[in-house]
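Student: Protein chains in written order, with my numbering: chain A, 1 to 486; chain B, 1001 to 1368.
Be a bit skeptical, because a hint or two may be false.
What the hints assert, rightly or not - Heads up, simulated EDC-like pairs for lysine to aspartate or glutamate below, C-alpha to C-alpha not over 20 Å straight-line: (1) Lys1170(B) with Asp1083(B); (2) Lys1124(B) with Asp262(A); (3) Lys463(A) with Asp1083(B).
Said to hold, decoys possible - Residues from chain A that keep clear of chain B, each with C-beta distances beyond 12 Å, as calculated: (4) Asp36; (5) Phe54; (6) Gly67; (7) Ser68; (8) Ala77; (9) Ala93; (10) Pro124; (11) Met178; (12) Thr208; (13) Gln351; (14) Pro449.
These are calculated hints, taken from the structure and not from any lab test. We treat Cβ as the ideally placed atom computed from N, Cα and C, and that holds for glycine.
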Amino acid sequence: MGRCRQRRESRLTRVVFWGLVLLTASFVGGRARAWDAATTHAGMTGRALEASRFHAALAHRMGRALGSFEPLRLDVAALDANRARDLVGRLRALDSAGGYRPSAEGVATASAWVRAGSVLAKTPPERGRNHFLEPSTKSGLDDDSGLSGAFHAARLTLDDGATVRAAATGQAFALDGMSALAWLRSPHNDFGLAAFFDNWERALSAETSSRRETALVRALLAMGGLLAVLEDAGQPAFVRNDFRGEFLARESGSAFERWVADRYGAVALPPAGPAVVRPDVESYFLAGDLLGLAQKTQRKFFSPGTLPADFSCDPCDASAARLVHRSLAFPEPEVGGLDLRQSPQTRYVVQDGLRILAYRRLGDRVHFFLDSSVYADVAQAWLPEVEGYAAGLVNHLLRAKVGFAVAGREAALTLEGVDEPLQVASGFRVFVEDAQGERKPIATAAFKPGTPILVKIPANARKIAAFVRGKDKAGEFVATGEIAGP
Amino acid sequence: MVAVAVALAMCVACSPLVENAPFSVRPDSLAPGDLLGPFDGMVVDGETERPIASAVVVGSWAFERGIGLRGPASVREASVETDADGRYRLPQPDDLPTGSSMRLRRFTLIVYHRGYVAYRSDFKFRSDGKGEVRHDFSQRANKVRLEKWQAGMEHRRHLAFLGSAEAVVKAAGWEAQPASLEYDGGATAPRAPAPQAAKVQTASPELLDASPLLSVEEVRGVTGFAGDFEIGRLADRVRSEEYDSLHFKAKGKSEGFDVGVRVWAGSPALAEAQFGKLIAELPAAMPTEEIGDRSVRARGGEVVGLAFLLQERGLVVQISCGTSQCTEAGMVLRLAKLVESHLGELRVGGDRNGSPAEGGPGEKGGEP
């Protein structure tokens, strides 16, 4: 009781303090978003699923005949009370027009659950603080400067009733956060890698069909959460440590993301490019070959807070180029070939056929900015690429499967889609499903590379299911498969 | 302290800010509309301009909160059906969410009626999947012109376009199965290899059994039919070791609601001959390349038909479907694809006199 009262008093003191700061500083505020969660993340994730092997994996390995369109029910009674309350509260905030809000009974299609996961990954939006990744330092958001972090935390604290509570839990953050890579594996991330693999395994092995279905929903939500983190590595501000420039500098917020949300919504995103194949989960973000999405995004695009600094040029000669380069926060993209003749017209820095930076010379002053032409070029070219990375991550997560060959009353099980060296801790775990849909383990067999596992199929078997959990060259996997009994 | 408490109380109880609406108040006005509404309009057939009654109309108000980073905070939703004149009206939502950073970000209107392409107030449906921003939506006196569903349009894209409001999902639930079939080039999940399948191509004294080829649920999934069927065999030809049929007779309905399946199993040469015979016999037969090695479409009276040949396997399949059941040209093809996906379960044997058993599809097997 004493501790509780102390905590309440401490919280009250913080609220009063932040309130005073806020009253002093007034309510001037930004309105912005990362990739708009409700539209752009959901749409990109949907496109990624279409370009991936998601549908086939559900239909063929998880016994979900309609694949992407399989209706799945989340049984909240199967969750612990706190988790259920939190999840239901977040799900109720979702917009049905986006196509991913479950029904009142907790039913949505498999694809909708993944898209919901990518939206819930940033619901409440402050979760997005952990989606930043500066590739050269591998660090997360760290954009505090002087009092701006404290001021931001104060404003979040007083945002509404819910975030008064958040002040005590760190949701009211001071422009800092965990790196995206750390967040993927953080135990505090309910949509992280561990949540995905644990629930994918339970979606096959849980005893009742209801529990398997709920576990599958949770795995799909986690998959959506993972995709949202990766998709943000395709947003320049998230890989250039630019919170203040992108999200706080203007009353109208991130003009780029708003432009994308209004132009493409949740249902009209450009189709994904080819699914990208990378060696492991981390390399989808950054890797030694510099082909991680965060690395490519940082090299190719500017964010509002990392533009070249405006400058006065008189005379406008080679020294101007030096001034521009000296002001860059990151070495790339380079700013070359500036046309600094006097003109009222907007000119553009073009790279790979894309307008990536706008500038204008008025008098001696050269001003750099991003405008709707830049947004249009960047979005049209880059969204399919980001979606292709997301599709590749889906394939990567679902790469392993258990193959079946049935002869009479015997099944030969093989592990497929994985690379040496292998560490298989679980062995083959084999289950039989009866006519009531209940599954029971019937065998656990040690894994031997290249050697099928032979299993006798019981007479009453309606289905045989198996999983193998382990690590291969590409990282953790849970291989699954199931087949009807003879 | 008092000032802080007042400030807190004020910002917690704030009504949401309402963003500028991207649509006009009326079709003939440039004045911006109000995201809060109310909304009204009329739903008509895009070709005939006739009102469409009982179309599902859903309005969704999406609220966001947050400073710097913003995200979904709350939603309000209302659904109605159009009246006999095709009219709808959605009042402003009450009980709005509060909070200092709370704002109404979007309003979306979605209209669905079976047989038509759904309508959204923000984007137009395009079958190539590329979205097109809609500019002709207005808050009041809005006219929703629904386009007829066309063959070649994809249900999987349509479902993604529809949103997930419960009223729409309920009305469009039948699209899930054809949408699933559109993945992987139309192949549904394969079933476990049927040990009897090999017998189909061997001389067998037992009768062919077509009952695994199509189920009531699958027919309903494709056509959306909610009524009951009596399952039997088509009576015009005797079942044999090389031929069997299924007749889904719609209870209490005309033949226009019936579905029939015929299958011939023999040698490749016999199958070729049988397929040639069908082309000659079927009314208004038109060769197509939609399914199998060869296929042909036909139409006679209230029935549309599709037959296809799998020469190497020695199989010919003919699907017939009443036009009241198969209301779109693509439906008979989807039925054919379902049948094709079950041909591995085609078997010989069973009760010579009995009716085919009603049942759902078998279980899935390994990924190809």
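Student: Verify the proposed pairing of Lys1170(B) with Asp1083(B), using a straight-line Cα cut of 20 Å.
Tutor: holds, 19 Å
Student: With d taken as the least Cβ-Cβ distance between Ala93(A) and chain B, does d exceed 12 Å?
Tutor: violated, 4 Å
Student: Beyond 12 Å from every Cβ of chain B: is that where the Cβ of Thr208(A) lies?
Tutor: holds, 18 Å
Student: Taking the shortest Cβ-to-Cβ distance between Gly67(A) and chain B, state whether it exceeds 12 Å.
Tutor: violated, 5 Å
Student: According to the definition I'm using, a residue is off the interface if its beta carbon is farther than 12 Å from all beta carbons of the partner; does Asp36(A) meet that for chain B?
Tutor: violated, 8 Å
Student: Verify that the Cβ of Ser68(A) lies farther than 12 Å from every Cβ atom of chain B, and report whether the claim holds or is violated.
Tutor: violated, 7 Å
Student: Run the C-beta distances from Ala77(A) to all of chain B and say if the shortest one exceeds 12 Å.
Tutor: holds, 20 Å
Student: Is it the case that Gln351(A) keeps its Cβ farther than 12 Å from each residue Cβ in chain B?
Tutor: holds, 25 Å
Student: Confirm or reject the statement that Pro124(A) sits farther than 12 Å, beta carbon to beta carbon, from all of chain B.
Tutor: violated, 6 Å
Student: So is Met178(A) really clear of chain B, every C-beta pair being over 12 Å apart?
Tutor: Per Cβ check, Met178(A) is outside 12 Å of chain B; nearest 14 Å; holds.
Student: For Lys1124(B) and Asp262(A), compute the direct alpha-carbon distance and say whether it is at most 20 Å.
Tutor: holds, 14 Å
Student: Check whether the Cα positions of Lys463(A) and Asp1083(B) lie no farther apart than 20 Å.
Tutor: violated, 49 Å
Of the numbered hints given earlier, the model fails hints 3, 4, 5, 6, 7, 9, 10; all others are met.
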